[in-house]
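Visitor: Below are the chains, spelled out letter by letter.
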Amino acid sequence: MIVIDKLTKSFPHKDKQGKQTEKLAVDGLSLAVRPGEVFGLLGPNGAGKTTTIRMLTMQLKPTAGCIAYGGRDIYSPGEAQRVKNRIGVVPQHVNFDQDLTVGENMELHARLHHMERAERQARIAELLNYVELTDVINDNVRRLSGGMKRRLLIARALIHKPQILFMDEPTVALDPQVRRRIWDLVRGLARDGVTVFLTTHYIEEAENLCQRVAILNKGKLSALDTPANFKEQLGKFTVEWDGENGREYRFFGEKEAAAEFAGKQEAAGGILIRPTNLEDVFIELTGHKGGL
Amino acid sequence: MQMLYDTWTVFWRDWVVLKRRLTKFILARMVAPMLYLVAFGWGLGRSINVGSGSYLDFLVPGILALNSMNISFNSITPVHAERIYHKSLEEYILAPIKPASYVLGKVLAAVLRSLISSAIILILAYAFGAHIMLSPLMLLVLILNAVIFAEVGFFAAMKISTYEEMSQVNTYILLPMSFLCGTFFTTQALPGVLRLVIEALPLTHTSMLLRSLAGGGGAEWLSLSVLAFYALAGFYLSHRAFAKLAA
Ligand SMILES: Nc1ncnc2c1ncn2[C@@H]1O[C@H](COP(=O)(O)OP(=O)(O)OP(=O)(O)O)[C@@H](O)[C@H]1O
Ligand SMILES: [Mg+2]
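Chains P and G, in that order, give the protein sequences.
In this text, residue positions in the first sequence follow my numbering: the first is 1, and each later residue adds one.
In this text, residue positions in the second sequence follow my numbering: the first is 1, and each later residue adds one.
Don't read these hints as lab results, they were simulated from the structure.
Don't be surprised by glycine CBs; every beta carbon is placed ideally from N, CA and C.
Please note that the accuracy of each hint is not assured.
[As the list claims (entries may be wrong)] BS3-like cross-link-like pairs, simulated, lysine-lysine; straight-line CA separation at most 30 Å:
| hint | chain 1 | residue 1 | chain 2 | residue 2 |
| --- | --- | --- | --- | --- |
| 1 | G | 159 | P | 19 |
| 2 | P | 16 | P | 218 |
| 3 | P | 220 | P | 236 |
| 4 | G | 19 | P | 149 |
| 5 | G | 87 | P | 149 |
| 6 | P | 61 | P | 218 |
[Unchecked claim] Taking CB as the label site, the calculated pair distances span:
| hint | chain 1 | residue 1 | chain 2 | residue 2 | range |
| --- | --- | --- | --- | --- | --- |
| 7 | P | 19 | G | 27 | 35 to 43 Å |
| 8 | P | 71 | G | 81 | 34 to 42 Å |
| 9 | P | 143 | G | 30 | 39 to 47 Å |
| 10 | G | 81 | P | 146 | 16 to 24 Å |
| 11 | G | 81 | P | 143 | 12 to 20 Å |
| 12 | P | 94 | G | 53 | 50 to 58 Å |
| 13 | P | 192 | G | 228 | 49 to 57 Å |
Turn these sequences into a full structure, and let the hints guide you.
Guide: The structure is reproduced here in structure tokens:
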């Protein structure tokens with residue numbers, strides 16, 4: 001169980017006049033994630049998702065607030081090593097050792113997590129096979145394509161069988177087939193009891209994968225619920241049409257009401273009635289368009 | 001035990017990289033000492049009088065000292081790029097290891113490189129006809145010196161944010177020390193205050209110790225203590241700087 005309580009991070013920041021101020025990247029975030037849950041953190045660029053993950057993974061000290069795994073504060077003395085043994089991290093950016101090959105990068109990770117030789121070799125082979133990188137095991141990481149690097153990041157994070165996996169935009173730049181394979185992998189991990197905490201800009205990904213989704217906006221939690229409940233609350237049916245300022249949307253709980261409204265909008269172009277999706281929820285809550 | 005294993009892991013990574021480039025590394029390490037030996041040993045040296053013995057014999061310990069400093073420092077500065085640009089330092093921050101293991105592993109890897117280049121210089125110096133006495137104490141001094149400047153490099157890599165500033169450490173700290181710390185001439189030739197400052201620096205003590213040992217003399221305890229102090233202080237500061245990153 002991950003419990004986050006009033007988590008806050010502020011960075012020193014220069015305002016428009018060049019005056020030194022503080023900027024709240026994460027502002028009093030509180031939430032809890034259940035063991036074995038796939039939890040999604042959504043939010044526009046700069047909302048504070050990466051900052052949150054960095055604090056959850058002990059890469060950045062919170063300004064205030066508290067994080068506990070299994071009831072123990074991760075920043076209490078002597079906890080660091082226990083926590084780091086249990087977590088795996090797929091960062092938003094590529095952070096391989098540029099002087100090492102694919103296989104050596106994997107091996108370094110395994111050694112740093114104290115895995116025996118036989119165990120680490122088997123595990124590395126298995127994971128590279130899963131992400132289809134076996135052929136490049138002896139290539140320098142610089143030579144991989146963008147998507148291959150993303151796949152390697154995911155494989156590396158899994159070597160030591162973490163109980164909690166943090167993934168910061170894990171499927172960015174992946175082709176649709178690979179993305180679906182990664183989704184299968186995440187579902188499989190969750191079935192095995194791994195807690196997955198991910199951020200994404202692909203609303204479809206959150207909808208497909210996450211039991212619950214939190215929407216973060218300007219460092220604050222603006223909503224937290226299951227994808228189904230979000231849609232239910234907004235209205236399961238969406239009417240959209242070409243308005244004066246681009247596409248406009250209205251949401252309805254009942255199909256009849258949506259149809260009736262659409263009927264009155266005959267003059268408008270491109271009128272359409274469809275099921276509400278999580279993207280509609282996201283846009284309503286943040287005023288941003290998510291996804292690509 | 002765990003800490004030793006983790007230190008080995010960090011060292012292993014550097015060894016993998018060094019092994020791949022060992023020939024290139026050795027060849028590159030020969031260039032600067034050769035130039036020093038030719039220019040100052042053969043060229044200028046002939047007309048320089050340093051009391052007893054040849055200038056070459058005076059010079060070689062100085063070159064050993066300054067080279068050991070430069071190689072050690074420059075072996076560890078890639079950590080800066082790993083922290084700022086490649087972000088590969090994150091792997092170590094996320095790993096269940098003690099920060100001290102990382103610092104120690106990196107420092108030892110720099111010491112290894114530094115010792116390889118010291119060996120190259122000694123071989124070259126013999127080829128140039130220098131008279132140098134080898135001893136275990138000399139090895140100890142070379143190790144201490146390498147440890148100190150690996151720590152200086154490590155600390156700088158933790159604290160400095162841009163590449164330019166990193167190279168300024170070379171320009172404003174290492175380069176003056178290379179010339180002033182008893183390497184090419186004795187510090188007795190320096191004017192009052194400057195001499196006091198220079199004689200407080202670790203490289204000066206390394207030069208003096210190496211020169212005395214190379215000539216068959218003993219090792220000054222004070223100088224050894226000064227080096228040991230710098231090495232310990234450097235470890236403390238490096239460790240603290242890295243531990244701060246690992247929240
Ligand atoms: N090291 C830092 N120093 C100063 N400000 C920072 C730092 N890291 C993040 N910020 C600021 O904190 C805010 C949140 O950034 P963060 O990277 O967490 O956003 P994000 O939700 O991950 O965005 P994205 O979707 O673009 O990845 C931003 O305004 C950013 O400028
Ligand atoms: Mg981010």
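Visitor: If a hint holds in the structure, say so; if it does not, say that too.
Guide: Checked hints:
1. Distance check on the hinted pair: residue 159 of chain G and residue 19 of chain P sit about 24 Å apart at the alpha-carbon level, within 30 Å; holds.
2. With a C-alpha separation of about 18 Å, the suggested pairing of residue 16 of chain P with residue 218 of chain P holds against the 30 Å cut-off.
3. Restraint check for residue 220 of chain P and residue 236 of chain P: satisfied, since their Cα atoms lie roughly 26 Å apart, inside the 30 Å limit.
4. About 25 Å separates the Cα atoms of residue 19 of chain G and residue 149 of chain P, which keeps this hinted pair within 30 Å; it holds.
5. Between residue 87 of chain G and residue 149 of chain P the alpha-carbon distance is near 14 Å, which keeps this suggested pair within the 30 Å criterion.
6. This hinted pair checks out: residue 61 of chain P and residue 218 of chain P have alpha carbons roughly 19 Å apart, not beyond 30 Å.
7. Evaluation of the 35 to 43 Å hint for residue 19 of chain P and residue 27 of chain G yields a failure: the beta carbon distance comes to about 54 Å.
8. Separated by about 40 Å at the C-beta atoms, residue 71 of chain P and residue 81 of chain G satisfy the suggested range of 34 to 42 Å.
9. The hint said 39 to 47 Å for the Cβ distance between residue 143 of chain P and residue 30 of chain G, and at roughly 31 Å that hint is violated.
10. Look at residue 81 of chain G against residue 146 of chain P: about 21 Å separates their beta carbons, and that is inside 16 to 24 Å.
11. Checked against the hint of 12 to 20 Å, the C-beta distance between residue 81 of chain G and residue 143 of chain P comes to roughly 19 Å, which is consistent with it.
12. Residue 94 of chain P and residue 53 of chain G have their C-beta atoms about 56 Å apart, which keeps the hinted 50 to 58 Å range intact.
13. A hinted range of 49 to 57 Å holds for the C-beta pair residue 192 of chain P and residue 228 of chain G, which are about 52 Å apart.
Hint violations for this structure: numbers 7 and 9, all remaining hints satisfied.
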